[in-house]
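Protein chains in written order, with UniProt numbering: chain A, 1 to 315; chain B, 1 to 315; chain C, 1 to 315.
Just so you know, the hints here were simulated from the structure itself, not pulled from any lab data. Possibly wrong hints are sitting among the right ones.
Pairs count within a copy or across copies, as identical chains cannot be separated in the list.
As the list claims (entries may be wrong) - Derived pair list, reagent style DSSO-like, types lysine-lysine, alpha-carbon separation capped at 27 Å: (1) 309 x 24; (2) 19 x 177; (3) 165 x 259; (4) 19 x 117.
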Amino acid sequence: MKKYTSLNDIKNLSDTVQKAIQLKENPYQFTDLGQHKTLVLLFFNASLRTRLSTEKAAKNLGMEVSVLNITNAWNMEFEDGTVMNLSTSEHIKEAAMVISQYADMIAVRAFPTLKDKEKDTSEIVLNSFIKYATVPVINMESATDHPLQALADAITITETKKVDKPKVVLSWAPHPKALPHSVANAFVHLMHNMDVEFVITHPKGYELDSEITKHFPVEYNQEKAFENADFIYAKNWSSFNDYGKILNEDPNWMITKEKLGNAKFMHCLPIRRNVVAEDAVLDGENSLVIEQANNRTFAAQIVLKEILKTMSKEN
Amino acid sequence: MKKYTSLNDIKNLSDTVQKAIQLKENPYQFTDLGQHKTLVLLFFNASLRTRLSTEKAAKNLGMEVSVLNITNAWNMEFEDGTVMNLSTSEHIKEAAMVISQYADMIAVRAFPTLKDKEKDTSEIVLNSFIKYATVPVINMESATDHPLQALADAITITETKKVDKPKVVLSWAPHPKALPHSVANAFVHLMHNMDVEFVITHPKGYELDSEITKHFPVEYNQEKAFENADFIYAKNWSSFNDYGKILNEDPNWMITKEKLGNAKFMHCLPIRRNVVAEDAVLDGENSLVIEQANNRTFAAQIVLKEILKTMSKEN
Amino acid sequence: MKKYTSLNDIKNLSDTVQKAIQLKENPYQFTDLGQHKTLVLLFFNASLRTRLSTEKAAKNLGMEVSVLNITNAWNMEFEDGTVMNLSTSEHIKEAAMVISQYADMIAVRAFPTLKDKEKDTSEIVLNSFIKYATVPVINMESATDHPLQALADAITITETKKVDKPKVVLSWAPHPKALPHSVANAFVHLMHNMDVEFVITHPKGYELDSEITKHFPVEYNQEKAFENADFIYAKNWSSFNDYGKILNEDPNWMITKEKLGNAKFMHCLPIRRNVVAEDAVLDGENSLVIEQANNRTFAAQIVLKEILKTMSKEN
């Protein structure tokens, strides 16, 4: 693996998931691989799970980790040819090339604006790092994607499923704030790569990017979508077509224990209790959310390990 | 030791103090004990001494340390059953359970509101971590307690005292801001566990929680309280009865070199010079404040070490 | 080396540069030297390059690193004798002495106010750390100096120069914000210690501190200054005489590819593209800015190594 910016960077998903599960059983078997290698984590947005799990994954491999929170002190310029006489003080070209000299890998988190659809869809921050960094880049959630979460979810589903081809439902759920599409997109992308029956359900107007969802059925009736589900993955997102808008906070879309039935409940966290899902779901036996978060460590660790292996072969 | 959230978690204080003094002489004798163990430090409030000393203590034991400053980006919910459709974005249940998967111990700093007495007294943040975390919790100063400071003070007094049963005075001192009771409470708690003659002195209206102070005399005349003192511990706190209020900034309560006499001067730092104590006290030979801060490292280190030992026995 | 607060702390510059170049070839040859040694990085101002390069340099030597961003939560007092009943909550005396107990070296970044010339020129923050810290202090850019940048620049010039005594020009360049003099001062200081022909060029009114520049010619005609230059070092600074003011943003002072000719281009970064220098300069083959940033690691590493060596001899 030469980078990890989307699930496409994984050649064989089920093989990678199996390797991650083996790492989980014995996380310290490759502590030499990361020796004298530095991972720089760049956060343009705050992070709890991603920060701690990625840092732990790197240290499990013997790497050094530097965490940099990019605040207003660095207003980075991403456009080419700009006369930088306004608020931006450093161009991504220099930033990415410079950090590449202090890091053996750069992991980046950069959320969407949810205001400028074109800019968000172009993944200007992540793609600028890919373009200008001279070391492997890892996506810790970008404007439209969250492949480390997707890989953790693949591990969780693989560990938990009781049938060969489970039915998985991705359900929109209410939320008081406008949220990105990245987790939903990454999960849809994941579903392309797993042997599942997959259905998406949401109120009308909440259609995701059709380029991403085009091969999957959308069922606007949540109850119908949930029939015989093995896994229900809840997530809020703002409208994609009426970009970044909240069209609806209908509490009837909240996941309840009754709706869940025997299905396993998944969510990437953080979750707003009694808004996205009721307490009885999160405190019930069918919730996988804590294990999903646990698997973030091993998703990150297998990615780092595969990149380290590629680097050591090249030398 | 299975956690360290109050001085009560220490079974034998003088034995623990002796072990800390031995660690201080040779801090690197247990670097294997912390191998592949991660300490996560969670700061809901800023920290200098606690941050650096606890981090150093952990690294002295070979542990990995992750520091997370909890800013407004994470507004955590601590109440059960809330419909989280307002400002809080993550419930402590998930946060504590999730962080427990990335950490072998969690250390938490969370100051009081000084506005809601019931909430502060209930120690909602610390107790929620104790309740929901699945790994040992360490108190890095909570709403009403600061047991790492108390343990460091025990080390300092033990190293310095010249008589078997010294006279120790805790004196309120002026301060322009309303401050918590945690350090004062922790010190009173410590005095229960040491062989000392202990007196508390403060202006009327500044009585601490009587549940904590009930076995000790309060002397409202500072001069009288200081007679024949071996140690004078200065600290400001806001009113407990008229909760969180500043009743008095009377500069006559400032500790002066003249008042101090031959007693040793103690304070947890940071200290406002010429408000809490005059320069001549802090710059004089009788000041122990720098050594108290130094002992924070070894207080933290003995606590971490005892918890690591318990963990390794359980495995 | 007992500290590194100015270029004066280096006894033999060319020897130190050669040792840094050797470290760059094999950065991990002294990993034992820093064992059980902690470097505390204190940032009163934000940092990208300095933070990451200094952290990497320390870890390359086997040191532990703690990074502390000093925010408004700690308003430090630097004046002696103050009655601290206003906004400052901790005196530098305690802070420096306390941190010295958690650190084997303290590195400090503290920018000038650009409002109070006397205060800035007195280097009150850096000098207070030097005065009160009981461990070696490293300057990570102070009010008037940036000796780690200067050392990195010495490495870059030494690696790149094609003639024994190159012509080096320091040119003021436009910038929309008022910037410190520290990089320019440090570079002038460096030029005293290298075998170069050195010229300073800037618009009238932008004279640097004459105490620093007095041995070098100032040429107000940029074109003339650039004739036959081997290295052009661009940097904006605010007025020193009309302290902290922007007198002029004349875009004619921007460095262009045409002006640069065959000279190498240097800048400490971050740089505002098409304001300080045009894209064609930064993207051209003659730009050394990325290599200058790379050399920050080895400048810091040789400094840390020399201080560690002195410490180990003293023990």
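- Looking back at the hints listed earlier, which ones does the structure fail to meet? 2 and 4
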